[in-house]
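J.: Okay, here's what each chain looks like letter by letter:
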Amino acid sequence: MPKTEEEKIEAILKILEKWPEDCPNKPTLMQALLDPNILHSKDLLEDPGIATLTSTLGTVELYHLERPPELLPTKLEESEIPGRHGDIFHYRADKSDRLELRGLVDAESEYTAIKSTLKTMRQGQDANPISVTVRCGTIAYINGVQYWVGDIEIEPEPGFGIFWMVYSIKLTKRD
Amino acid sequence: MKIDGDTIGLADRYEAQWGYPVAKRPVFGSQIKIRGTQSYDGELRVEGLYSTDNVIASKATPVTGVLPSVTVVVEETDIQSPTPVKKTWTFVGQLPSFQKTGQADQFSIFRMTLDLSAEPACT
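Which chain is which? The protein sequence lines are F and G, in order.
Be aware that the first sequence starts at 10, since it is given in my numbering, and climbs by one per residue.
Be aware that the second sequence starts at 4, since it is given in my numbering, and climbs by one per residue.
Please keep in mind that the hints were generated in silico from the structure rather than gathered at the bench.
None of the values given here were measured: they were computed from a predicted structure.
One or more hints might be untrue.
As the list claims (entries may be wrong) - Pairs of lysine to aspartate or glutamate residues, derived as DMTMM-like cross-links and limited to a Cα-Cα distance of at most 25 Å, are as follows:
#1 K27(G) / E109(F)
#2 K27(G) / D184(F)
#3 K128(F) / E89(F)
#4 K36(G) / D135(F)
#5 K27(G) / E117(F)
#6 K36(G) / E162(F)
#7 K5(G) / E78(G)
#8 K35(F) / E70(F)
#9 K27(G) / D44(F)
#10 K90(G) / D184(F)
#11 K90(G) / E19(F)
#12 K124(F) / D44(F)
#13 K36(G) / D184(F)
#14 K90(G) / D118(G)
#15 K90(G) / E50(G)
Unchecked claim - Computed beta-carbon distance windows for the label pairs:
#16 I163(F) / T86(G): 38 to 48 Å
#17 H99(F) / A26(G): 18 to 28 Å
#18 P65(G) / V175(F): 54 to 64 Å
The beta-carbon is built from N, C-alpha and C at its ideal position, and this holds for glycine as well.
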């Protein structure tokens with residue numbers, strides 16, 4: 010962890026260098042110095058994205074994550090009783106937690122990372138589990154948890170002169 | 004001021020604005036929004052005295068279902084030393100809105116709004 014001001018500036022520069030060059034929303038050094046929280050890196054040693062998906066086959070950084078909703082499903086067995094209104098359930102167990110990563114890309118390199126790198130990682134996820142980290146500010150509240158990567162949707166939006174697409178990545182926790 | 008070559012000698016005032024709106028999207032866990040430059044938008048608003056030779060209203064009528072492209076040229080004189088310089092602004096767009104008002108014993112006024120299809124040019 011960087012301690013001196015010199016080390017902190019050096020760490021900030023290293024994180025900024027990891028951002029794709031073609032991203033128009035890449036933070037400037039001035040922005041990062043004034044507000045290091047925008048780097049989503051508590052110790053200034055982490056990945057540059059708000060969310061990171063990584064396996065031995067590659068790493069995908071999601072720089073503009075908008076919504077990461079979670080679903081905590083359960084196995085409830087339903088009993089039907091003739092003549093009785095309402096439903097009766099029996100709790101059996103929890104199902105695997107679901108996570109969806111929704112956000113947008115504004116650069117071709119970010120699009121390619123999802124379309125190509127993440128797809129390659131998904132194809133090999135049986136033998137190479139994918140770990141997911143999601144940060145709220147600088148706090149990684151989902152930290153290196155293994156998920157199965159499911160369907161990926163990418164939807165381009167009109168009216169922009171650059172790559173501007175929203176995406177959805179559906180994940181199921183590996184239990 | 005000329006509209007498709009016809010001189011409108013009684014235009015009193017015009018106001019134009021154009022630009023590329025910026026879409027601001029909040030991201031998770033941050034109070035700094037990301038920004039995306041959106042598509043061009045602009046309009047030219049003209050107000051003046053209405054006269055019987057005013058031809059603007061006809062430009063606000065669709066031709067075979069489509070509003071025609073209208074060119075508005077504004078000539079201004081930029082007074083600068085040593086000699087005044089004439090500047091010509093050219094606006095191109097469609098005319099989805101035309102307004103005419105009148106009052107007894109007073110004059111009639113027209114207002115039009117040109118929806119710009121391109122950035123204006125100044126020569």
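J.: Determine for every hint whether it applies to the structure shown.
T.: For each hint, the structure was consulted:
A hinted pair counts as satisfied when its Cα atoms are at most 25 Å apart, and K27(G) with E109(F) qualifies at roughly 22 Å. For the proposed pair K27(G) and D184(F), the alpha carbon gap of about 38 Å is over 25 Å, so the pair is violated. Between K128(F) and E89(F) the alpha-carbon distance is near 43 Å, which puts this suggested pair outside the 25 Å criterion. For the hint linking K36(G) to D135(F), the alpha-carbon distance of about 37 Å lies beyond 25 Å, and the restraint is violated.
Annotation: proposed proximity of K27(G) to E117(F) holds, straight-line Cα distance about 19 Å (limit 25 Å). About 23 Å separates the Cα atoms of K36(G) and E162(F), which keeps this hinted pair within 25 Å; it holds. A hinted pair counts as satisfied when its Cα atoms are at most 25 Å apart, and K5(G) with E78(G) qualifies at roughly 8 Å. The hinted pair formed by K35(F) and E70(F) meets the criterion: a straight-line CA distance of about 13 Å does not exceed 25 Å.
Restraint check for K27(G) and D44(F): satisfied, since their Cα atoms lie roughly 19 Å apart, inside the 25 Å limit. At most 25 Å may separate the alpha-carbon atoms for a hinted pair to count; K90(G) and D184(F) exceed this at roughly 72 Å. For a cut-off of 25 Å, the pair hint linking K90(G) to E19(F) is broken: about 52 Å separates their Cα positions. Between K124(F) and D44(F), the direct Cα distance comes to roughly 31 Å. Violation of the 25 Å bound is thereby established for this hinted pair.
For the given pair, K36(G) sits about 35 Å from D184(F) by alpha-carbon distance, which is inconsistent with the 25 Å threshold. Only pairs whose Cα atoms come within 25 Å are accepted, and K90(G) paired with D118(G) is accepted, the gap being roughly 22 Å. Straight-line distance between C-alpha atoms of K90(G) and E50(G) comes to about 20 Å, which keeps the hinted pair within the 25 Å bound. Between I163(F) and T86(G) the beta carbon distance is about 59 Å. The supplied range of 38 to 48 Å is therefore violated.
Between H99(F) and A26(G) the CB atoms are about 49 Å apart, so this pair departs from the stated range of 18 to 28 Å. Restraint check, P65(G) to V175(F): a C-beta distance of roughly 35 Å breaks the suggested window 54 to 64 Å.
Hint compliance for this structure: hints 2, 3, 4, 10, 11, 12, 13, 16, 17, 18 are not met, and every other hint is.
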